[in-house]
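These are the residues of each chain, in order.
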Amino acid sequence: MTRELVEFVMKQTSGPIDRWAVAATLESNGIRDLDARDRYGKDDVFGLADEIYALCLAEQAATPVPEPPVARRARAVLISRRYLRGGFFFVQLALQLGSLAVFGYAQWASIDFTGRQASVVGLALLASFLLTGPASQGIGYVGSFFSEPGKHLLATRAVIAVVASGLLALLAGAVGASLLDLGFGWYGHRLLGVGLAYYALVGLLSLTGALLYMLKQFLAMVVATVAGIGVVGLVLHQTSLGIYAAHWIGLGVGIAIEATWAALVLQRRRASTSTELRLAVMPPVPVLALLVVPYGLYGFAYFGLLFVDRFAAWSAGAHGLPFTFRAPYEVGLDWALIAVVPALAMLEVTIFLFAERLEVLAGRFEIARVAEHNRELLRFRRRHFGYIVLLLLGGAAVATGALRLLEHAHATKVSGLFGDRTMLRVYALGLAGYALLVFGIFNSVFLFSLGRPWAVVRSLLPGVVVAAAVAFTLSRLYAYWTAAGGLVAGSLVFALLATAATTRTLRTVDYHYFAAY
Amino acid sequence: MEFTLYAITGTPEVSYKFEPPPNARRVVHVPLFGTIDPAEYLLRDLPFDELRRRRAATTEDEVETVFVPLLERLLEGLAVTGPEIRDYGVVVYDLWRWFEHHDWRRTWTSRSVYAAFTRREAARAPNAQPSVGDINIALHWLSAFLLPLAVPVPRTDLVHSTIAGFAALPGIVAKHRDGTPFLVTEHGVYVRERYISVSAAPFSPYAKRFLMALTSFVARLVYAHADLVAPVVRFNRRWEIPYGVPAAKIRPIYNGVDPGVFVPKAKPEATAGGPVAVAAARIFPLKDIETMIRSAAVARELLPEIKYLVYGSLDADKPYVETCRALIAELRLEQTFELRGFHSKPAELYTEGDVCVLSSISEAFPYTVLESMSCARPVVGTDVGGVKEALEGFGRVVRPRDPEALGRAVVELMADDEFRRELGRRCREEVLAKYRTSNSVNAYRDAYLELTGRRVAA
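Chains as they are written, first to last, in the working numbering: chain A, 1 to 517; chain B, 1 to 458.
Mixed in with the good hints there might be a few duds.
[To be verified] Stretch by stretch, here's where chain B covers chain A in the computed footprint (C-beta under 8 Å, at least three residues):
1. 79-86
2. 184-198
3. 264-273
[What the hints assert, rightly or not] Among chain B residues calculated to face chain A with C-beta under 8 Å, some are:
4. A7
5. G10
6. H102
7. A125
8. G133
9. N136
10. K208
11. R396
12. E404
[To be verified] Dumping the calculated PhoX-like pairs for lysine-lysine here, alpha-carbon to alpha-carbon at most 25 Å:
13. B:K434 / A:K42
14. B:K265 / B:K318
15. B:K434 / B:K249
16. B:K265 / B:K17
17. B:K434 / B:K388
18. B:K318 / A:K11
Worth flagging that the hints you see were computed from the coordinates, not collected in a lab. In this text, a Cβ means the ideal position worked out from N, Cα and C, and glycines have one as well.
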């Protein structure tokens with residue numbers, strides 16, 4: 001008789017925790033004191049529960065816990081997709097650079113630019129990325145902060161607010177640049193106007209791109225880029241409007257596609273928001289702002305570290321302009337960036353596997369063995385550091401090999417640059433700088449995952465300062481291209497500080513995993 | 001009489017089912033989950049300066065020297081089951097006072113709290129060590145369930161909690177600060193209901209044990225501080241007494257219905273032709289609709305023209321609805337047993353039938369019984385919770401999960417028209433005498449007046 005009660009209780013509770021759990025479960029199954037007496041010979045349900053609990057304990061001891069099955073194929077697919085997502089930015093980069101090499105123009109660049117034109121446009125690009133960096137990171141953070149729990153109405157509102165802050169930053173930058181130019185008379189009205197147009201359009205494009213990235217609409221970004229470049233070609237070849245107008249229209253088309261696409265996705269998500277989550281209210285602005293600030297700072301400092309050496313290189317020596325674009329320098333750095341793409345793509349995989357590992361190990365280790373648990377995660381980082389190093393070496397080998405080939409091939413419109421000594425030197429320094437930068441970001445990934453964005457900012461900001469100091473000093477003392485040494489020095493500082501912060505964090509990763517959420 | 005209401009919910013995204021009456025001065029909404037920091041929602045009206053001040057005050061040193069000893073006392077209390085539990089009320093009060101001036105999230109995520117919690121929990125059960133993940137989830141639960149301690153407690157003449165759970169924590173605070181009288185109502189027994197749902201949840205054994213230890217601790221603490229425990233049904237005593245409530249402190253206050261809304265009427269034309277049993281029940285397992293269906297098969301054997309009409313949402317557990325439909329088909333009861341879904345006018349549904357059926361395997365004090373009685377329709381119900389308390393002498397009570405007994409009892413009542421009508425009349429009189437909404441409200445008012453010393457107990 002009691003057999004079926006034991007089975008029922010075991011099924012309902014997958015092992016009761018005490019007599020009260022058994023009593024409650026029996027009562028919920030309609031067992032009364034009367035039944036306990038008449039059918040089971042006990043005083044009441046609680047007396048019956050004591051007996052059933054004892055039988056359940058014996059049962060539990062006898063039943064081994066089955067291991068969950070592992071779906072290897074599904075996992076491999078999942079990890080590959082993560083890797084591809086991680087490498088996605090390369091698709092965008094490749095489209096632009098490929099178009100420049102093959103057709104001679106991209107969405108915002110042209111090999112036919114004069115030195116002055118390239119300088120103004122280049123400066124506009126750097127400034128727009130730098131000033132929209134905080135908003136781009138902010139979009140990613142607040143977007144997922146609200147979207148992940150399904151609060152799409154709030155996500156939309158918050159994202160619009162962050163985009164507006166990005167627009168304000170752009171506006172402030174434009175006013176600042178105009179005042180400077182008025183004061184110093186560097187570029188003159190016409191060139192300043194051209195620069196500001198590029199600056200504003202590329203700034204907008206980077207904001208709409210951040211929106212799509214947050215919404216995981218990668219296809220849309222490719223479509224927008226291809227369409228944008230296509231339109232540049234169309235206007236350039238089919239009209240007499242010239243390169244500026246072609247770029248502006250191409251950028252406009254890209255922005256329009258991205259913005260429309262993002263608006264449609266947001267609209268669809270808002271419409272699908274559950275009735276319950278429609279009631280969600282916005283947290284107080286200062287509370288939310290405090291959460292977003294470190295991500296914004298990271299966005300600014302990240303682009304700062306990426307670009308500060310260029311500012312130093314472009315402004316070294318007298319060329320009549322305060323900033324002069326230097327093609328060999330740019331090509332050297334861009335080529336070095338391509339070399340680290342395979343390693344950068346890996347970071348998405350690291351983030352994914354780290355989150356998974358955290359959860360699995362947390363269930364596997366008893367708290368008494370927490371030190372071992374934490375060491376296991378330190379080992380995880382070491383292993384992934386190894387993968388990153390291998391991918392860096394592989395990427396560098398392939399990129400360097402390709403460089404050698406191109407040097408002799410004369411296949412593209414920019415082949416002449418590939419044999420340039422300065423370009424090669426910058427490439428070598430860029431390779432070292434970007435590799436160190438990847439180490440820094442690699443460690444930051446752990447800190448971000450564990451909700452420690454300030455630790456990342458504290459590692460990155462000194463790196464930016466050092467990069468600026470070294471880049472400006474070297475480029476003034478030696479040749480302009482030695483500014484790339486700033487990237488190396490700054491990235492080294494970032495990598496060291498981030499590694500140290502991550503080591504400290506992982507040593508007590510159990511605590512940080514708790515405190516992050 | 002004015003009220004400040006504390007609404008404890010799972011997440012912040014909820015709306016009112018009923019608008020609060022004008023004498024509810026304020027509603028303090030405390031969502032236990034759904035935010036990372038209470039500053040996002042619960043404390044959203046706190047001036048930012050105050051928030052900053054609290055954050056600055058919450059240093060690791062201060063947490064270690066003041067908060068951690070309180071936390072350790074609290075965790076020690078989780079193992080206490082005797083009357084000395086009352087001594088832990090002051091811990092709850094001190095925790096509340098801490099959070100008057102300190103930041104909630106910064107406190108709970110401090111290293112000292114994590115270390116103290118880990119130490120304590122590892123020592124609790126050396127043979128059943130929690131995992132790293134267990135500690136993580138348990139400390140999160142602790143900080144979430146204690147959230148009612150993050151909000152101000154107004155000075156009032158009385159605290160009335162409708163549950164012996166976390167929502168009652170402000171009552172303990174008020175008792176220690178101002179000696180405020182404390183009344184606790186219980187519908188289902190909180191600790192019992194949590195046992196059922198936590199046991200069935202996919203948590204680790206440690207996590208279940210911790211959550212139930214915390215839940216039981218709070219229930220015992222609430223009982224120990226209550227001046228009067230007023231369950232809606234006597235049946236609840238069987239859990240309340242072993243959890244520390246002296247029998248003398250328990251005084252049931254039954255639910256009531258509005259006899260002006262649930263009025264006796266003749267059956268409408270559509271169902272006037274033959275014997276009809278109605279039921280008002282959401283279609284889900286605790287209502288044991290399967291037994292009701294089988295009882296219909298038993299009843300049809302004896303009374304072939306009988307019909308069962310079941311009103312109640314079909315959305316609560318869709319797979320279960322399918323199981324019920326399959327059973328109806330299997331027993332060829334399509335002409336006898338109808339799942340009619342939600343009824344827009346509950347006051348009308350009982351009078352569509354001659355008797356009302358309740359087949360639940362677990363209940364507290366079901367409204368459907370009182371509503372049916374108010375409509376002068378006798379009830380055949382299962383002997384669960386307080387059903388017998390209402391039905392003894394006014395209907396038929398049968399063993400749960402016994403379709404034979406349920407079906408026969410239904411037929412028995414159907415067979416004797418005169419007796420059934422007489423029983424219906426007595427049901428109506430019983431409701432008018434004992435189960436009016438006003439009886440219930442007056443009983444609470446009397447309890448308020450008595451506990452606040454404005455009237456001596458009768």
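Comparing the hints with the structure gives:
{"no.": "1", "hint": "79-86", "in the structure": "violated (count 0)"}
{"no.": "2", "hint": "184-198", "in the structure": "violated (count 0)"}
{"no.": "3", "hint": "264-273", "in the structure": "violated (count 0)"}
{"no.": "4", "hint": "A7", "in the structure": "violated, 13 Å"}
{"no.": "5", "hint": "G10", "in the structure": "violated, 10 Å"}
{"no.": "6", "hint": "H102", "in the structure": "violated, 16 Å"}
{"no.": "7", "hint": "A125", "in the structure": "violated, 11 Å"}
{"no.": "8", "hint": "G133", "in the structure": "holds, 3 Å"}
{"no.": "9", "hint": "N136", "in the structure": "holds, 5 Å"}
{"no.": "10", "hint": "K208", "in the structure": "holds, 5 Å"}
{"no.": "11", "hint": "R396", "in the structure": "violated, 16 Å"}
{"no.": "12", "hint": "E404", "in the structure": "violated, 15 Å"}
{"no.": "13", "hint": "B:K434 / A:K42", "in the structure": "violated, 35 Å"}
{"no.": "14", "hint": "B:K265 / B:K318", "in the structure": "violated, 33 Å"}
{"no.": "15", "hint": "B:K434 / B:K249", "in the structure": "holds, 21 Å"}
{"no.": "16", "hint": "B:K265 / B:K17", "in the structure": "violated, 29 Å"}
{"no.": "17", "hint": "B:K434 / B:K388", "in the structure": "holds, 15 Å"}
{"no.": "18", "hint": "B:K318 / A:K11", "in the structure": "holds, 21 Å"}
Taken one by one, the earlier hints fail for this structure at numbers 1, 2, 3, 4, 5, 6, 7, 11, 12, 13, 14 and 16, listed in ascending order.
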